[in-house]
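Chains as they are written, first to last, in the numbering used here: chain A, 1 to 392; chain B, 393 to 486; chain C, 487 to 804.
The hints are simulated quantities; they were obtained by calculation from the structure and are not laboratory data.
Please note that a few of the clues may not be correct.
[As the list claims (entries may be wrong)] FRET-style restraints, in silico, Cβ to Cβ:
no., chain 1, residue 1, chain 2, residue 2, range
1, C, Arg691, A, Asn205, 19 to 27 Å
2, C, Ile666, A, Arg249, 52 to 60 Å
3, C, Lys583, B, Lys397, 30 to 38 Å
4, A, Gln384, B, Trp396, 37 to 45 Å
5, A, Glu227, C, Lys661, 27 to 35 Å
Built from N, CA and C at the ideal position, the CB exists for glycine as well.
One-letter residues, chain by chain:
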Amino acid sequence: MGKKLAVTGNQAVAEAMRQINPDVCAAYPITPSTEVMQRFASFVADGKVDTELVTVESEHSAMSACIGAAAAGGRVMTATSSQGLALMWEMLHIASGMRFPIVMPLVNRALSAPINIHGDHSDGMGSRDCGWIQLFSENGQEAYDNLIQAIRIAEHDDVRLPAMVCMDGFIISHSIESMEYLPDDVVRNFIGEFRPKNPLLDIENPVTYGPLVLPDFFMEFKRQQHEAMLNVKDVVLDVAREFEKISGRGYGLFEAYRLDDAELALVILNSAAGTAKDVIDEYREKGIKVGLLKPRLFRPFPYKEVAEALSSARVIGVLDRADSLGGFGPMYMEISSAMTTNGAKPLMINKIYGLGGRDFMPEHVVQVIDELKEIAETGNIRLQKDFLGVRE
Amino acid sequence: MKGWKDLEIGAITKAGSADEYNTGSWRAFRPQWIEENCIQCLFCWIYCPDSAVTVKDGKRGEFDYLHCKGCGICARECPGKKGKKAIVMVEEGK
Amino acid sequence: MSTTPLRLKELSKKDELLTGGHRLCAGCGAPIAVRQVLLAAEMPVIASNATGCLEVSTTIYPYSAWKIPWIHTAFENAAATISGVEAMYRSLKKQGKIKERIKFIAFGGDGGTYDIGFQSLSGAMERGHDIVYICYDNGAYMNTGIQRSSATPLGANTTTSPAGSVIPGKVQPRKNLTKIMAAHGIPYVAQTTPAHWRDLMTKVRKALDVDGPAFINVLASCNRGWRTPTDTTIADTKMAVETCFWPLYEYENGRLTINYKPKEKKPVTEFLKTQGRFKHLFSPENEGILERAQELVDREWEALLREESLYKSEEEKA
Ligand SMILES: Cc1ncc(C[n+]2csc(CCOP(=O)(O)OP(=O)(O)O)c2C)c(N)n1
Ligand code: SF4
Ligand code: SF4
Ligand code: SF4
Ligand SMILES: [Mg+2]
């Protein structure tokens, strides 16, 4: 098996990229993802990868160059955060609409204003409708594992869509944890050779990419993208099964933590889920049936499976590290869709937490579980949507 | 028209397929080639926006009326022979 | 490999790489320029294209007028997109997965080049990609209905710089993008027009031959925006050169050559007067604008002559 090391999330992601050895990378620096590309630039400078690194003048150009490179016919990666992703937004849709399997680590960070460099999920959630596959990662190990799997998922013939792998800025990107890297050849065999489709560089068979599509054909292409998204779930599970064989680490569409018989359930993404697990253990010891659902695949969202996993819950607390101002948090909307589609009618509350890197502490988890308990007992919800850890 | 299951993903288009598209119907005036006045300078060919002047073995052929939009550039730029144009524009349908 | 001589008879034997059946207006200057660019190339080329008239009208699904591999992604990024294509080419070549020599061209309108795509263009040139960027400058955002751009000439009546009763058309002069590109210190920069087909094709060949980035600015008339008849495209363009509104020149490794000096420089009004977009300038109250337009042309032309003579005298000394 692989070797155990103590590394930061960014280091782990850069290492995965070295092992993936993409043909082209185009990138632009932004905290907290900068280090990924710095490390990768050293791999390029030291000849450890075959990659052509394009040090573009903006993230808009980064994604544009990635799209051009992907169209040319090869494996393409980049990394970004926050404002960088926001600047890419136009091109995110174009990458997915043109069906290029570009893979991008997204080190989650708050969006301005006010400007803030710390972790929250506003960037990732803001791009959930861009047609990208989105995988979320609790820690550096998951980010590393997800990135390697994302290559296989994105490039699968039934999918051919770009994928972003999210991890929390600073909390994960900059903290050292113990994890395991796979050997290079194992990763290389796992991802396999890139198989280009209609590459621009095939001058014998010229193609036109990016025509003007009028109302007579537009919806057919969107319907195709939807179909590709529908195919993602099975591919994610197949790839996870194969990945378990090489790594011993199992993955699903989400992680269900002590959820089987849970009457009270929390839904939390990424690193905060780790914090919640310890508190859940304490409550379980006291005999309180509480569990956690930690989504991994956010786009496409596995509504049916999530609803089934939460089927025993009478009260659900959905925590969002991003807000849709004037609406519920993005995760809440998904969970609530999942539950109603399934015909279940749990009581649900939404807590916005951790914006701009605000600490998320065990006492916040305690606060939410106690509130869920109270709702279960009284049937009363005081505030459907509220904030955690905000001063009055 | 093809449905979503049959279309190539990503809206890829076949190179050069516009060749099949008729823009000749746009014409209000049609260029007419008067061969005896032609000096084979090929200005009409190099200045045509619509690749609608056919040339074979370096010699002018007929206009490609499937594509010619009747802009009149060829006629205007045609030097002709001894002041006599080798291309004239005539109203369509006349 | 022998190169096709730049004679129309020989060139006409080459494959036509932009087909008819595109939906650009009758008499549009852009496709004339593109045809000449593609005819000039003596090796396989792959192109990217910024959003705009040329892109939209040549690729209305399921049709495409391009016989070369071609990609459009967005408006402001033809240079970044082609950078990516070229980077992939270099990567695969380095890995031995591709053998052919291929060159890369980006096409953009003036809006996509002077304005919204300026940053992406500047970045790509600075990075030194082996690409040729070709701007077809028709002096406004034509595809969205003739809005002013920074390439729109002084005084022009556009839909966002209308000739009103208080403001007589565009108040600012054009930005001199060709000079700005020359200031990037890239191996090749030139300005030309499709009315001067041999000049254009010579420049395209030079641009394709250099190892590194090149930029060519091509004046491409638009009869809708210029408000000219459909058949005067070439004549109007020639007049732009005869008046020195659009001088033909090039920078080879930083050295300027003026490729054409009119025997008798015509007044700029000769270029302006045939175009509806400048019609209002010919009423008495706008006389000052015409004078200023002439001054701008004179200043640029004289600066070019001075700069060229500087190189010449240096060479004589050497
Ligand atoms: C980001 C963005 N902003 C605006 C537009 C709208 N738009 C499309 S083409 C165009 C004008 C193109 O002008 P130019 O580059 O000069 O090309 P032309 O149409 O004149 O040939 C504009 C404003 C767009 N497609 N994308
Ligand atoms: S009229 Fe215009 S489109 Fe027709 S052949 Fe002449 S130049 Fe070409
Ligand atoms: S421009 Fe006139 S003279 Fe010249 S080849 Fe065409 S038709 Fe003949
Ligand atoms: S509007 Fe102008 S630039 Fe656009 S297609 Fe028509 S003539 Fe050409
Ligand atoms: Mg324009």
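(request) Enumerate the violated hints, using their earlier numbering and listing them in ascending order. (result) 5
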